[in-house]
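S.K.: Sequence order for the protein chains is A and B.
Note that our numbering has the first sequence beginning at 23, numbered continuously upward.
Note that our numbering has the second sequence beginning at -17, numbered continuously upward.
Covered stretches of chain B, going by a simulated chain A footprint (3 or more residues, C-beta under 8 Å):
| # | segment |
| --- | --- |
| 1 | 38 to 46 |
| 2 | 117 to 130 |
| 3 | 136 to 146 |
Source of the hints: derived by calculation from the structure; they are not laboratory data.
Backbone N, C-alpha and C fix where the C-beta goes; we use that ideal spot for every residue, glycine too.
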Amino acid sequence: MDIKALNLASRLAISGLCLSILYGILYAAMAISLSTTGQIAQIPSLNTVQQKYAGIAIVSAMKGSMYDHVSDDDYIEVVKDWVEAGSSQALYDTDIAPIMDEDCTACHSLGSTMTDAMTSMPLTTYDEVKALTKKGIPWNKLAVETHTHLFAISMMVFILSMLLSMTHVFDWIKYVLISAAFLGLWGDVLFWTLAKFVGFVGYLIPLTGGLLISGLGAMAVVVLVDCWFRVPWISKRENS
Amino acid sequence: MRLPLSFLSIAISAVLFTPSTFAKVVGTLNNVETDASILIDGVVDTAWSVAPILKVNINKIPYQPNNGYEGIKQTTYTIQSMRKQGDIYFLIQWDDPTESVNRFPWMQQADGSWQQLMNKDDTGHDNTYYEDKMAILWNINLKSFKKKGCAAACHMAKDGMQKGIADKAPGRKYTKAGTTIDMWHWKGVRSNPVGQADDQYIHDNTDPKANKNWGRSGDAKTGGGYNNNVKDGQPMFVQTDLTNESVVVLDAKKMPLDSSWQQTNRIPGIVTAPFTGSRGDLTAKGVWSNGMWTLEIRRAMVTIGNKSSIQDVQFTDLSKAYDFGVSVFDNSQINHVYHDGVLQMRFK
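Just chain A, same shape as in the assembly (with noise of 0.2 Å):
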């Protein structure tokens, strides 16, 4: 079956697609770079990802995406060590809930009312804090994105995968993207669990994220392309 031989609404469609999945992406990585810097659009070192899947949740989030908050670099290291040392009740009333007083509490507090409160996430007292000092994604968050992540990327990659079997790029290109699509999204959701007992795996997420936005990316671009035109550089012959 060849894309260009498909009707006009047909191809509209597909384009449409293709088009939405590209403008997704760029919204994917606003979302990384928010779930990581807490900006927008600042780009996350490899640290501060590897902090958010495989460190100390509130330690994670004061080197990341709450960093602006952070007074002093030297209350990440507090907060830590409170942690690594068994999070005690002591050492939280003396040590810790100054440092969320200052720096957290304005916000994350039942009665805030301020423009970014988070409410949901109380960090008043020892207990709301403690449930912050397991390493990685919480199991609940994790469940949660690990199966909508696999329900609904495979959904797409699966559609775009069958559109570039479509297309008249060499078939080694189509092995490659489909293989990377699929080996990205599996190695990334992966990774999350695995992060969570051994560290290093944290390094590896951006490298599946990569792979799996690579991927996506790619199959969406090419699969465009050749809905109207012969894609440069990768495309077979006519008469091959």
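Since the structure of chain A is provided, determine the placement of chain B on it from the hints.
M.R.: Only chain B this time, still in chain A's reference frame:
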């Protein structure tokens, strides 16, 4: 053949491996030198045309009054700065659809008595009968200000408690021990009619018994200032040229209210005179027109006074950046529109 993939790989690698920028400087104001004449009158002189404009989108508020808040929650704020012969000048403009200069006025009732209008929320603060204000905070020596800006001094109460003390105010301003912030607080009613901004500062006090405003105080003064125009439940002073539109009673013109007063049925809630001493360091004039305040401020680059080193930012080193933050109060006693992060001023 592999060009598109290579491009994507490079772009994605750049996104994932480039280190973050940790500074949170959200804007830089470049101060320039001038010889031109600048009048502090709230009117934009031609001299300002050479001063670079810093535009700041301020869009955060600290609390929601329980009896409603009709003020702005976002505004565009521009600031320019020049220096001339030992003085520093600022031109500031911000959008505000309404001019609010009706702070706790007295209104005469049908039976001839006087009632002071106010509509305070459950924290004891007014957002109805108040005044427009603008504040600039200049860091003096608070380390966290360099990163968090004004938020470094802002401490919101939790469950009605501030530092373990019952306090119904939604938040307080104070600093870490031994540090201060200079606060330039222009007030549409209390300071503007006498051509000043209120020169205040933020310090480390957290004992309301020592200072009811916690860490916020006026600079040292030798005279002048504003007072509530009240005595025995009615206005205390009027002045001969008072009208129903008068913003304040000027101290220099004040005279006691007597029962025969019929010139107006509204009397301002404030009597004011220019501050003298360090608190009067800031010459300022704001004019509201067509939905925008235009405010000019002048101050000596280096102030004198026995506490000026802890109460005033001193523009002594023209090679360094000066950290500051801005906020706007729209007819509100304490609710204000502010921005995250810090602004910097550099001398060119």
